[in-house]
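Asks: If you read the sequences in order, they're chains X and W.
Numbering (this note's numbering) for the first sequence: 1 to 407.
Numbering (this note's numbering) for the second sequence: 1 to 407.
If you are wondering where the hints come from, they were derived from the structure by calculation, not from laboratory data.
There is no bait here: all hints are sound.
No more than 27 Å apart at the CA atoms, straight line, and that leaves these computed lysine-lysine pairs for DSS-like:
1) W:K290 to X:K81
2) X:K236 to W:K81
3) X:K35 to X:K50
4) W:K50 to X:K236
5) X:K50 to W:K236
6) W:K35 to W:K101
7) W:K290 to X:K50
8) W:K50 to X:K290
9) W:K35 to W:K94
10) X:K94 to X:K81
11) X:K290 to W:K81
Now for the letters of each chain:
Number of protein chains: 2
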Amino acid sequence: MKNLLVAQSGGPSVAINATLAGVVEKAMTNQNVGKIYGAKNGIMGILTDKLIDLTEALADPETLQLLCQTPSSALGSCRMKLSDWEESTFEYDKILGIFRKYDIGYFVYIGGNDSMDTVHKLAGFCERMHVDDVKIIGAPKTIDNDLMETDHCPGFGSAAKYVAATMSEIACDCNVYAQPSITIVEIMGRDAGWLTASSALGRLNGDSAPDLIYLCERPFLVDRFLEDVREKMAQKHSIVIAVSEGLRNEEGDYVTDSLQNRAADAFGHKILAGAARYLEEILRFEIGCKVRSIELNVMQRCASHVASASDIYESRLIGAAAADYAISGGTGKMACIRRTSEQPYRFGIDFVDIGQIANHVKTVPDTWINEAGNDVTEEMLTYLLPLIQGELPCTYKNGVPVHLHLY
Amino acid sequence: MKNLLVAQSGGPSVAINATLAGVVEKAMTNQNVGKIYGAKNGIMGILTDKLIDLTEALADPETLQLLCQTPSSALGSCRMKLSDWEESTFEYDKILGIFRKYDIGYFVYIGGNDSMDTVHKLAGFCERMHVDDVKIIGAPKTIDNDLMETDHCPGFGSAAKYVAATMSEIACDCNVYAQPSITIVEIMGRDAGWLTASSALGRLNGDSAPDLIYLCERPFLVDRFLEDVREKMAQKHSIVIAVSEGLRNEEGDYVTDSLQNRAADAFGHKILAGAARYLEEILRFEIGCKVRSIELNVMQRCASHVASASDIYESRLIGAAAADYAISGGTGKMACIRRTSEQPYRFGIDFVDIGQIANHVKTVPDTWINEAGNDVTEEMLTYLLPLIQGELPCTYKNGVPVHLHLY
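Working from the sequences, and respecting the hints, build out all of it.
Replies: Structure below.
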C-alpha cells in the first residue's frame, strides 16, 4: 500500500478544487491507497516539505462539497518550472526524497501548461532513473482552454459561463441611455481567444451584447476596427465590444505596447494598461462618444457562485479518473476529455502522453472566427454551449458564499 | 378613473425593475387606475412623447417575475435635470401636456438624487399652477445608498451583496501564491463610501479580504496609507485593499487628479485612471511587490444573478407603496424605508417631503469608520447585514440568465 500526493499549480480557477475533490474521493475509496497528502503551493511545497494530510481533513462528503464551491486552489499554487534534469538533478533528487519520506506511490498534479511541463520532466526523470514505484499523472485545468489533446479544459466552462452571464447583464446596463456609447470588455487570454469567444453566448437569450468580438488569434488592425465600430454605431446607439487581453498587431506585438511606451515617458515606468483601456483611448479620440472599458479581471476565474454545473461535474470526474489511472499503474500521461457525441452532448476521459501536451498551445481554429475577424461562427457556439450548462446550489451564510480553507 | 405613468432614471441597478414591478402590480389591481404607461428614458421620454403601454405587456405574474431578475432599467434611463420653472416653464408645459394627452393622474418616478430633484420641481410646479389632479411620487433607487431620510436605498443591498461575495472570492484568488502581493479593489461611490464599506461583509465567513478599507468620507493620506500597507504586509504575504472610487486628498481633490494631469501630458487628453490604478502605481514604486488593481465596474450594479433577496423584496414593496400613495392622493413625497427593529430586522415604509431629500447626500457617519480610517466598525456591519440576506432563484436558459426586454 502506497500513499497518494496531490498538488495544484498555475492560475486559479473555479473548478480546480472540484478536480482535487475527485482525486481525494477516488483515493479515499481505494484499498491500495494509504494516506492522501496535499502539497502546499504546488511543486514548491514538495521541494520545501510542506505537505498536508488530507485523509482526515477531507473525509466527509459535505466538506468535499464545500471544497467544490471554493474558488481558486485550496492547496495554494505556484508558477514554477523545474530546471532540466539533464543539466541538474538537484530539484529532482529533492522531490524523490520527499516521495520516499512520505511513501508516495501516486502523484497527481492539477494544472495548466507549466504544470504539465513539470509532469513531463518528473515522469521522464523517473523513467530514466528506473524509479517505477511512483506513478505521475497530470490533470488539466485552465480557464484559457489552451491545452492540447483535451476537447476542453476543466475550469474553462465556469469562466465561460461567468463571461456569458456577465455579458448579458452588461448588455442591459449599457442600453439604458439614449446617448451614443461604446463599452469595451476585456477578457482573459494572452495566447488563445477561447474565453473571449464565449462572450458570444451572452446573446443566446436575446440580449444584444457583444456586437463585435476580437480574438487574439487574428492580427488586430486599428483602421479595420474603427470601420467596424462606425458601421455598428450607424445601426444602433450603444454597442459592446469584447476583446482578448492578448490582442496583437500585424507585427505580432501586443497592441498595448505602444500605449505602454508612451505612458512610460510620463510615469518613468510602464503603466500596465490593458487592451480595453488602449482601445478606449483610441475610440474616445476617433469617435468621440462616451466610451467605457471594463476588465473582467480575476472575477472570471474566481466567481464560483455562478459556476457551470457541467464544468464542476467534469472537473471532479477527471480528478477521479486521474487518481484511478495512477493507482492502476499509469504514469507520464494527462487525463483528457473526449467529446464523443454532440447531440446529445456526451464525453469520455482518456489519457495521452504528456509529451504531446506540455509546452504546446491550442488556439481557436481560424474557421471558427468569421471572415471579417470581428465575431465567431456557429461552430464555435456549438462547441461552447454544452460547457456552460447547469447551475449549482451555492451555500451562503450571512448572505455571502461559504468557502473551505484547508490551511 | 385616471391612468398611471412610471419612469426610471439615473444609474442602473439590479433592483430598479423590481420597484417598477411593484408599481405595476399595485396599479394593475387598483380599480381607480385605468392604463399603466411607462416612459422611455425617464423624463426625456415624457418630453418627447415616448410612452409604452405596460398594461398588457406586464399583465401576467411570470413576466413581472422575469422583470425582477432583469438588471438595469427596463424602460431605459436618462441623466437629465429639469430647468427651474421660475426661469422657464417650457419643459413643464410640455410634460403637463403629455399628462393631459394620456390622462395621467399618477406619476411615479424611480431614481436617485437627480430624479428626486425632478420630482421636487415637477410637484412644486403643479402646486404653484394649482394642478391638483396629478399626483407625483418618488421611489428611491441608488447603489450609492446616499439618499437622505430613507434607512437605505433599493438597489444598494444587491450591489453590497455582489461586492461582499466577490470580495470573498477575490480573497481565495489572491491567497494562492507564496509570493508577496497586493490587490486593490476599486468600488463605486464618488461621494459616499457605503458600497466600499460593504466589502467588509466579505470577511464574515472566514475569508481574509479586505485587509484595509478606505472610504471617500475621510481624507486620503498617501503616507498614512503606505504605513498601513507596510504594517499589514509584515503580518501576511498577500493583502487585499478596498477603496472608494471617490478618494480625495486633504485639499478635497480626487487623488486621481494628479495622475490624470501627469497622463494628460503624454496623451494630449486625460486618461481616466481610477483610484485603484493610481494606488497600484504608487505601491509598485514604493513597496515593489506584485500589485494588481481590480475595478468592480458596472458588474456591481448589474450582476442580477447574485441579487439580494431582501433587496428585491423591499424594492418591489416600495414600488407598490409609492403607487398606492399616489393613487390615494399623496404628492410631492418620496417613499422611505424605516428600520423599525434591528433584532430581528424589520422595516416599514413611509413618505417624506421631497424637499428634504432632493440635492442632499447621505454620507457614512464618521463613527462607523474606525479611528485609523482604514476599516469600518461593528455598527456598520450591523447596519449592512440585513440588506444582503437571501438568494433568489434565477431563471437560466442555454446556461445564461434570461432577461425581459420591454422594447
